[in-house]
Amino acid sequence: MSALQGLYRPKTVEEATALLAQDPEAKPLAGGATLVAMLNARVIEPTAFVSLADIDEIKGISVLADGRVRIGAFTRHRETAACTLALGSSAVVPHAASQIANATVRNMGTIGGSISFADPGLDYPPALVAAGAVIEIASMDGRRTVPAADFFVDWYVTALEAGELVTAVLLPVPDRGVGVYVKHARVAGDYATASVAACLVDDTCLRVAIGGCGPTPLSDPEADAEISADRSDAAIAHAARLLVERADPLDDVRGSADHRRLLIPRLLLRAVRSLEAMHRSAA
Amino acid sequence: MTSIQSTKPSSGSVTLHVNGESTQVAAVLHDTLLTVLRERLQLTAAKRGCNQGVCGACTISIDDAPMRACLSLAHNCEQAQVRTLEGLQDCPHMQALQAAFARAGAFQCGFCTPGMLVSARALLLRNPDPDAQAIRSALSGNLCRCTGYVKIIDAVRTAASALRLEGAAS
Numbered sequence: 001m002s003a004l005q006g007l008y009r010p011k012t013v014e015e016a017t018a019l020l021a022q023d024p025e026a027k028p029l030a031g032g033a034t035l036v037a038m039l040n041a042r043v044i045e046p047t048a049f050v051s052l053a054d055i056d057e058i059k060g061i062s063v064l065a066d067g068r069v070r071i072g073a074f075t076r077h078r079e080t081a082a083c084t085l086a087l088g089s090s091a092v093v094p095h096a097a098s099q100i101a102n103a104t105v106r107n108m109g110t111i112g113g114s115i116s117f118a119d120p121g122l123d124y125p126p127a128l129v130a131a132g133a134v135i136e137i138a139s140m141d142g143r144r145t146v147p148a149a150d151f152f153v154d155w156y157v158t159a160l161e162a163g164e165l166v167t168a169v170l171l172p173v174p175d176r177g178v179g180v181y182v183k184h185a186r187v188a189g190d191y192a193t194a195s196v197a198a199c200l201v202d203d204t205c206l207r208v209a210i211g212g213c214g215p216t217p218l219s220d221p222e223a224d225a226e227i228s229a230d231r232s233d234a235a236i237a238h239a240a241r242l243l244v245e246r247a248d249p250l251d252d253v254r255g256s257a258d259h260r261r262l263l264i265p266r267l268l269l270r271a272v273r274s275l276e277a278m279h280r281s282a283a
Numbered sequence: 001m002t003s004i005q006s007t008k009p010s011s012g013s014v015t016l017h018v019n020g021e022s023t024q025v026a027a028v029l030h031d032t033l034l035t036v037l038r039e040r041l042q043l044t045a046a047k048r049g050c051n052q053g054v055c056g057a058c059t060i061s062i063d064d065a066p067m068r069a070c071l072s073l074a075h076n077c078e079q080a081q082v083r084t085l086e087g088l089q090d091c092p093h094m095q096a097l098q099a100a101f102a103r104a105g106a107f108q109c110g111f112c113t114p115g116m117l118v119s120a121r122a123l124l125l126r127n128p129d130p131d132a133q134a135i136r137s138a139l140s141g142n143l144c145r146c147t148g149y150v151k152i153i154d155a156v157r158t159a160a161s162a163l164r165l166e167g168a169a170s
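These protein sequence lines are chains A and B, in that order. Heads up: the first sequence begins at 1 in my numbering, then just goes up one per residue. Heads up: the second sequence begins at 1 in my numbering, then just goes up one per residue.
Chain A extracted, bound-state conformation:
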């Protein structure tokens, strides 16, 4: 293996993964919204970048033959937020995209870059977990897929191995449900202090994932089962308690751990009630 030097602009995923295999220290560069900020802060000092800007296969949103929706890794937040496909409950994903940072950063940042960074305050991770999305990953050995819930492993750690690259996010075949992303941040454009992504698939199936309250998006089958069966205030409060018990938030500049635990029941209630309102107006 020899270290690469400079900025490479491969035209295909195969060329990109061949470069990353040759030098696992080379950094894949998508929109730059995170990676170049880290470079400017001297957190990273790579000798080579593999720019993904010329790889058409990983750009844009398309519907696969089996009905699933494929968001290419190099799709900017602006484009995901503006997606007009009827996604059903997976609409939580464009709704989350529309709340990332600000319009200028949404022109730059990409879904693949965002989830590869895996900051717990990001908006996509809980949305992808709630939607039951699958992450497509490429390496020299070919492609593999990982459910979003298994992709986020720990604080800033993903299932990506050295030499691997996110190539797409796959959303399930659209159902007839509704999805919503409720975010609490200190000011417009900030990372979430805490957030709730919620998907009402049908009247008997509701899935939620909490952002900003632990190393990875927090979801709990028991909480989902509870609010799927009963959406009363009391049931939602009980489900929120289950989630709060499993939460592992930090004290940081965006809020204390206790503050985040207090946000969970409030955001969950708001998310479920907005899903119901959306469901009624859609019907």
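If you're looking for bench data, these hints aren't it; they were derived computationally from the structure. This one's a predicted model, so the numbers in the text were calculated from it and none came from an experiment. We put the CB at the ideal spot given by N, CA and C, even for glycine. Just to be clear, a hint being listed does not mean it is correct.
[To be verified] Okay, derived cross-link-like pairs now, BS3-like style, lysine-lysine, Cα gap no bigger than 25 Å in a straight line:
#1 B/Lys-151 - A/Lys-59
#2 B/Lys-8 - A/Lys-27
#3 A/Lys-59 - A/Lys-27
[Stated by the list, open to error] Here's a subset of chain B near chain A, in silico, CB distances under 10 Å, partners left out:
#4 Lys-47
#5 Cys-50
#6 Met-67
#7 Gly-115
#8 Leu-123
#9 Leu-139
We have chain A already, so just place chain B on it with the hints.
Frame of chain A; chain B shown alone:
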């Protein structure tokens, strides 16, 4: 590994398309577009504030979309059309905004102004009649530490109505 040979890395200089002209300019791998614009091409309208993409003072137009010059690597911009505030002086939207900012006194130190203008122009191009909320939202990625934003928002509204009047007159 033959495929790798087809992708040659960029080296010590880049060819950029800035304000309608192509220029070859020295740049190391870690140089941002902002560094190259300000320090090599003497285009100093875009400012270096946070260098983290947060403050918006470096906002410029890349391929017709407002983006952060500080989050763009110069070597990754070789195929892009870059426009800075200097290169937008002939744009009627920019002229209307600049006149309205001056009239409203929409600045004190002026550091955020170039970024504000580039973001506001993009807003007016897609929405000729934005309300205050739309303006706040479009400018939410541009921080001003002097004015409290009221005059900036007023100026954008004034520019929008001036442009609509002009459009109606012509």
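Do the hints match the structure? See the list:
{"no.": "1", "hint": "B/Lys-151 - A/Lys-59", "verdict": "39 Å, violated"}
{"no.": "2", "hint": "B/Lys-8 - A/Lys-27", "verdict": "16 Å, holds"}
{"no.": "3", "hint": "A/Lys-59 - A/Lys-27", "verdict": "19 Å, holds"}
{"no.": "4", "hint": "Lys-47", "verdict": "14 Å, violated"}
{"no.": "5", "hint": "Cys-50", "verdict": "9 Å, holds"}
{"no.": "6", "hint": "Met-67", "verdict": "5 Å, holds"}
{"no.": "7", "hint": "Gly-115", "verdict": "9 Å, holds"}
{"no.": "8", "hint": "Leu-123", "verdict": "8 Å, holds"}
{"no.": "9", "hint": "Leu-139", "verdict": "9 Å, holds"}
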